[in-house]
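Q: What follows is the residue order along each chain.
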Amino acid sequence: FAGGGVGGGNDFQWCFSQVKGAIDEDVAEADIISTVEFNYSGELLATGDKGGRVVIFQREQESKNRPLSRGEYNVYSTFQSHEPEFDYLKSLEIEEKINKIRWLPQQNAAHFLLSTNDKTIKLWKISERDKRAEGYNLKDEDGRLRDPFRITTLRVPVLMPMDLMVEASPRRIFANAHTYHINSISVNSDHETYLSADDLRINLWHLEITDRSFNIVDIKPANMEELTEVITAAECHPHQCNVFVYSSSKGTIRLCDMRAAALCDRHSKFFEEPEDPSSRSFFSEIISSISDVKFSHSGRYMMTRDYLSVKVWDLNMENRPVETYQVHEYLRSKLCSLYENDCIFDKFECCWNGSDSAIMTGSYNNFFRMFDRNTRRDITLEASRENSKPRAMLKPRKVCTGGKRKKDEISVDSLDFNKKILHTAWHPKENVIAVAATNNLYIFQDKIN
Amino acid sequence: MSNETEIANQAMEEATTEEQQEMQDKVVSPEKAEEAKLKARYPHLGTKPGGSDLLRKRLQKGQKYFDSGDYNMAKAKMKNKQLPSATAEKTEITGDHIPTPQDLPQRKPSLVASKLAV
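So the sequence lines, in the order shown, correspond to chains F and Z. Last residue of the first sequence? That's 439 in my numbering, and every number before it is there in order. Last residue of the second sequence? That's 179 in my numbering, and every number before it is there in order.
If you're looking for bench data, these hints aren't it; they were derived computationally from the structure. Note that the structure is a prediction, hence the values are computed from the model and not measured. Just so you know, even glycine gets a beta-carbon here, dropped at the ideal spot from N, CA and C. Take the hints with a grain of salt, since some may be wrong.
To be verified - Examples of chain Z residues toward chain F, derived with CB under 10 angstroms: (1) Leu99; (2) Lys100; (3) Leu116; (4) Gln121; (5) Phe127; (6) Asp131; (7) Tyr132; (8) Met134; (9) Ala174; (10) Lys176.
Said to hold, decoys possible - If the Cβ cut is set under 8 angstroms, some of the chain Z residues that face chain F in the computed set are: (11) Lys93; (12) Lys118; (13) Leu120; (14) Ser129; (15) Gly130; (16) Lys136.
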């Protein structure tokens, strides 16, 4: 079906809206986007890159004067969040790459977000300034101090409008709490605490306190030779502030309740899909490693992404997922080369739409996939400059697995494995999506929207 | 259900399971075929891929090794010789190679703004 849609039972049609970033072929390592996140209202869209920089886009208000820039995202603020460091004691190089950005719910005029690299989490305040005080007594308009003895009258400074300035300032720095590399941060529904997870440990922080954090999960074995699995992702439950989940490199998910104990080494629920032992291979464990876990907005389900599939789990059922979607099953017969070129270790993320009726995840060749949970329809789309005419509708793509390749199909061997879509985000309320394709950020909108 | 029907059903079930087993033996899963390919290329590959080795490699990301003694000895040896010209491709610094200041990748933060912000 041409231009077929996904989501909510209606035929939605995804159209190109915007693309950000350089066009040139030579991609600087620092420009590779490493995280994408909408804020709670969807008004702001943040990206982090390997160079430690954050760029925040803001959606333009729809106005009658400028109908063509309806809902476009434009640069709002940009700053250097993290810088490369070297831990001399451990002889460890610390990358400035932003692993994750998470927004805090908005409580006043300013916006707050958490950004993290491998070792340090920072709380950033982004605020607007559109007024400036003029008529100071002790200094001139250009800031020079006036001679106090020459002042004969007093005046009250007046607030005058000025060009909008958006300032980002680091308000808290949460450092030195992780021996291993941070893979996740998640803001709790109590809006006071958040968790950070590395390969072996999960810590709970209070947003106001930087010199202390509680360790709530520790899976480090006494003898590192006995290490069998690592933590790959973690997230707080969207409504129950005492519940969180973490996934492992063995394809399991543990749900923990912080009311049960101070140290949540014993899970409350353990989610694992039974495996057929006869089908086990060298690759089984590697491809079962979960690269992302996300709760549904409803809080009733969670979704996990492993190398070849996306699974939806009902929190009330631990023994198997309720839905499984194949992302790129055709790669199963390419695992050998994918292991050799390290692609098998790529960490894809996944996301829900606002109503939890659809899910999205990335693939190779700048393809990304969407699944409608109600109709069970799926679609493959491509983020490419070739489809970048304003409001151009995206054509569904298809990968050919068999011998006969139809026109417009692409064969598995022609896929570009360097063009990976690891990070995608869905607007919390509307059918607007952000897709990171290496150094470019694509924004697509539903036509009806 | 009558006894006869039960027995007939059972026999049918067994027959199909046997057929299935035969099919499985003939058709190697694509995953197992890929495994055979990998083992053919790397015969020394261990049987526990997800185990300690792989995980420990992951945990050690970013580890750099440097011995000041080795470095100074190498510098002294090279004193009178021409330094070899830098190779076009940056090779990863491993334990065998003694890093020199020229080899180390630039770790300064990017002073250039993100191209997304243009």
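Q: Looking back at the numbered hints, which does the structure fail to meet, lowest number first?
A: Hints 6, 7, 8, 12, 14, 15, 16 not satisfied by this model.
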